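Chains as they are written, first to last, in my numbering: chain Z, 1 to 267; chain R, 1 to 267; chain B, 1 to 240; chain U, 1 to 258; chain X, 1 to 258.
Just so you know, these hints were derived from the structure itself, not from any lab. Among the hints, a few may not be true.
Just a few of them, taken from the derived set where beta-carbon distance is under 8 Å, the chain R residues facing chain X [what the hints assert, rightly or not]:
id, residue
1, Leu46
2, Pro83
3, His84
4, Arg87
5, Thr88
6, Leu90
7, Gly110
8, Ser113
Remember, it's a predicted structure, so these values are computed and weren't measured experimentally. We put the CB at the ideal spot given by N, CA and C, even for glycine.
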Amino acid sequence: MTLELAAVMRRRGLEVAFTVSPGETVALLGSNGAGKSTVVELCAGLLRPDSGRATLDGQVLFDLAAGGAGGGGAVRPDTFLPPHARRTVLLAQEPLLFPHLSVRDNVAFGPRSAGESRAASRRLADEWLSAAEVSELADRRPGRLSGGQAQRVAVARALAASPRLLLLDEPMTALDVTAVPAQRRLLHRVLFDRSVILVTHDPLDALALADRVIVLQGGRIIEEGPTRAVFAHPQTEFTRALTFGLDLSAGPAMPGGGPDSAPIIGV
Amino acid sequence: MTLELAAVMRRRGLEVAFTVSPGETVALLGSNGAGKSTVVELCAGLLRPDSGRATLDGQVLFDLAAGGAGGGGAVRPDTFLPPHARRTVLLAQEPLLFPHLSVRDNVAFGPRSAGESRAASRRLADEWLSAAEVSELADRRPGRLSGGQAQRVAVARALAASPRLLLLDEPMTALDVTAVPAQRRLLHRVLFDRSVILVTHDPLDALALADRVIVLQGGRIIEEGPTRAVFAHPQTEFTRALTFGLDLSAGPAMPGGGPDSAPIIGV
Amino acid sequence: AGTAGATPGTDNAAGQGETLTVFAAASLTETFTELADRFEEANPGVTVALNFAGSADLVTQIREGAPADVFAAADRSNMVQLSRDGLVDGSPAVFATNTLMIAVPADNPARITSFADLAAPGVDVVVCAPQVPCGAALPALEAAAGVTLAPVSEENAVTDVLGKVTSGQADAGLVYVTDVASAGDSVLGIPVPEADQAVNEYPIAVVAGSERARLGASFARFVTGATGQNVLGAAGFGAP
Amino acid sequence: MTFGVPRWTLILAAVGALFIVLPIVGMTLRVDWSRFGALVTSEAAVAALLLSLRTAAMSTVLCLVFGVPMALALARSRFPGQRLVRAVVLLPLVLPPVVGGIALLSTFGRRGLLGETFEVLGIQIAFSTTAVVLAQTFVALPFLVLSVEATLRASGARFEAVAATLGATPGTVFRRVTLPLVLPGLVAGAVLAFARALGEFGATLTFAGSLQGVTRTLPLEIYLQRETDADAAVALALLLVAVALIVMVATHRPRGLS
Amino acid sequence: MTFGVPRWTLILAAVGALFIVLPIVGMTLRVDWSRFGALVTSEAAVAALLLSLRTAAMSTVLCLVFGVPMALALARSRFPGQRLVRAVVLLPLVLPPVVGGIALLSTFGRRGLLGETFEVLGIQIAFSTTAVVLAQTFVALPFLVLSVEATLRASGARFEAVAATLGATPGTVFRRVTLPLVLPGLVAGAVLAFARALGEFGATLTFAGSLQGVTRTLPLEIYLQRETDADAAVALALLLVAVALIVMVATHRPRGLS
Ligand SMILES: Nc1ncnc2c1ncn2[C@@H]1O[C@H](COP(=O)(O)OP(=O)(O)OP(=O)(O)O)[C@@H](O)[C@H]1O
Ligand SMILES: Nc1ncnc2c1ncn2[C@@H]1O[C@H](COP(=O)(O)OP(=O)(O)OP(=O)(O)O)[C@@H](O)[C@H]1O
Ligand SMILES: [Mg+2]
Ligand SMILES: [Mg+2]
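The whole structure should be built from the sequences, with the hints applied where relevant.
In structure tokens:
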């Protein structure tokens, strides 16, 4: 499941090109407003770039000539695959749980849309809810969840849809400190053999989960490479600030690692 | 500005009582769903407890008999001060910027409501926007902000309202790593001489900003005390997990502190 | 009369189960409902379906191809319009007349006793607009009485004039004799001697192209005949 | 709890409500109760009421079938001339009675635009119960379109986007996300459409005529009764009001998204 | 971009739109254009149009003044009998023409519930332009209340709560948060109310009467013209349609919150 993407979106000042290999997890880093959410929304099909081309496993996601939307004289016609046909799943920055469905039905929504039976979808949903440690909320309406609870359910919903490409925009937001290691373990298990783009502000998440990092600034890629290499030898001010106080001398940071393997962050 | 609060809210399984002294910053810690947001919303007047009493600086915020809303035979009539009369300000877990106002007018909303002139409010707003390092967004509509940008503006809007009691529900959410130290410095400066309740999942925020911590679990207070004392000798599993890997031997954690003063967190 | 489920325009075997569709002015609702019943009694197997609306409405409907067999109008001009379009079979027959009368609320608050009183200042008089039958006769009446009215409202239908008087909204109104009769004791009728100078005539005719022209003609004769005149006379209509 | 209801607005609200309630009460006081039972159970009244209920229900179904897609198209897509289309769709609101009927005759009447086509097909629309349903649908459709469109716009398209990224096809999104989210607006719109259809008068009279049991709905019966017996008309009007009230109280339950 | 519009709905939407558009077009085709200019510029027509515009504008203002508070009370507060109140407020929608007028007469008429009070106060409503405005307000108010209430419910009270925590009094919240957020619904409701007032016929006829320049609005003039000259009526109806279209296209711009 290789993602190849090149896109320009002028309204957001974005111009990027990169590739995600099969099974690879890429962390998208960058300061607020750098364009991280824009990139994942372009992949998901929620935004339409001005121009560019993206393919997933050879299938064209979009292919838009520089002439602009529906440009006249182009020989190649513009292509824009709608989100539901892309088999990508986006966990957006806000949980956006369906207010009219129970927590269980929210999580079962992806499997149902993929054609699973009602019973099978519910079973799947219950499995994912238990993996996200929120089984006891299954029958609630989203309006009656706390912020962190809603976020966990949203993660379960995204993972349950079992996509070709998983797009996670700050999946750890609002989680309490006791939940973070478990969540990281869950993601590590799930992301293992999938293509994933993970937006995060936490260098520990990147270290624990990502094979490679891409650093955005003002809509451009300013740094790119294997996670440990980039963090060990930061080239830009942003990555220096990010890794400042992070001790990379210890072994690979793994979920559930003890204090001896713990990197350090400055306040 | 002393806050004295005792409240029971059965629907959320909450029963708490605590005090915030003038100028004191209290960090509210606890796992997801513990009741932190409920407590600050009770203080702000967005929720009505089943029973309890709260005073701010001697002024009654609410005073509700156990008999239930408008209970019959009570001698003392029920009191419930509406939010706008409380002079408390709540930064909620979601930014909820007014979609129809520019970023500047969002921040100027509090001062305007307090009776400032239009020009003075705007000047104040610009000052707070620059303190939150988002001056360049002043003329945008909230719909055109990134997640972290919206969060910063929401913080500026809450601070600009200069309340007697400031209620901050996860003010650091969605902020990028380069912004966190600056934001912490800003809060430290602002919170210095105010009564503040700060909800957070980050022990570093608590260390850097709070004089005292209150730990909630299942709607009850399970631990309480000066920050450094609680963190140095955690009594509950939650605080142990929270402070796990946090090195408190170094001097007090202060915003802008160098790597030598940096505590450590486990992954 | 109009039985539920009767489908206008269905062409049943002649005689048995025939439905005659009669379009009649709304002011004829009561009398024509009774006449239809009597006609059905006299002609077993015949059903009369009645369609009531303002005369102008009915003209529009017939022009647009409504399945009418007989048309009874509340004035000549609507019938003339229809025959000008070639939609009338034969020549219309006048089957009733009506004359104007002053109607005042039962307690007669403005103490009206004559047509001349209507012109007094402060008296709210309501009349029909000149475009509608009950108003068309008014100028003739005014000329005959030598009085010019300054009405506060020129209504679209005589029903609306009567409504204003019964509700006490107006001090007086000019309506038909039959309206005063049907309004019972909620209004008081004051005759206008000059009213016979402006008589309104009600014509009836078979509609051109009707598949039941013979039955229609017999209904029209029934209305102009003795039974019809009895029923109409009882309601206050004048003889043709 | 609510925080944006200044007290002075409650006074204005009460005056506004009284302005509508008082006339309805006033009308009730005019009813001659000794005759009420007999008046509303007369053969003609019952036939008219049944016809009204039947045709209004059918019109409401037609409004739902065509109106929801129209609202969706207006709220969720962009096409040239959209504003003009929306304005035209609302026109039946402004047409005085009779004029609506003339407009319908000009299209579906025997001599209308489509009349001849229908005639060839052996379909007679004008002056039949079908015509009543069409007339009611014509005047009621804008109500449904408006209610649903407003709810669609207010609820926004964010949840639909989420559903699409989870792999739901447009059909699934429509069925499982859009429809349930706008359900309150949909019910409100359907009740309005039903109420409007129930009260329809002018277009029916002109386009469908007034034949007892076939096209004479309750409003037409009221109009006719008024020719001879104003009391009877008021009694029947009260019957209509009661029916409308029952339907509205039973079904109109708009809710917010929170 | 939108993700919940299945393609088959567009076909239904087009059929629905045609069902409304065709009769309007059909009506236009009936107009005798050689006489059109003369007909719509006749003294009676111009007087009726001006009166209609004036009274409809005044009714719209009254609807805004009383309707917005009513919508606020219905959407944002809870009180016993709320559902009944909402249903009653919607009743003018269902009243057939004439019946609305009878109801108004029973309250504001000379012998009505309040009529004598007004008489004592020296306020003469009968046969005046005021009566026209009252009749139009009576039938148009439900439209405004409904639109605004739906928008209020859909936009939710979250932003109002935020404003209150920032120290805004209910008055300030209403002015600076609630009103701007429901503005699209407000404008839509006002346009609807204006349109409905413009087309009002039955209640005006029964309650206010019909005198050129005083109470004879355009719909009444159309109805009257029809008695003698159907062509003239259609031409005037087209004038009414054109005015309504212009107003709607110029102002009706509903927008979502996104
Ligand atoms: N709806 C929008 N319309 C126009 N511009 C927008 C919109 N949303 C975001 N932007 C702008 O586009 C740029 C990229 O935004 P984006 O949301 O991709 O940032 P981000 O990297 O996700 O930031 P954050 O870490 O704060 O979430 C920013 O400058 C932002 O202000
Ligand atoms: N609107 C609501 N209605 C009913 N119950 C609610 C509602 N919101 C939250 N709850 C429940 O009340 C409890 C306390 O919720 P609260 O939002 O105060 O938690 P929190 O400590 O803020 O959690 P988090 O860290 O996830 O934000 C939880 O069990 C939650 O499920
Ligand atoms: Mg983002
Ligand atoms: Mg919370």
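Now for the hints, and whether the structure bears them out:
1. Leu46: 5 Å, holds
2. Pro83: Holds, because the Cβ-Cβ distance from proline 83/R to chain X comes to roughly 4 Å (cut-off 8 Å).
3. His84: Check passed: Cβ of histidine 84/R comes within 5 Å of chain X, closer than 8 Å.
4. Arg87: At about 7 Å, which falls below the 8 Å cut-off, the nearest Cβ of chain X leaves the hint on arginine 87/R intact, so it holds.
5. Thr88: 7 Å, holds
6. Leu90: 4 Å, holds
7. Gly110: Nearest chain X Cβ about 4 Å off; hint holds.
8. Ser113: This hint holds: serine 113/R lies near chain X, its Cβ roughly 4 Å from the closest one there, short of 8 Å.
Taken one by one, the earlier hints all hold for this structure without exception.
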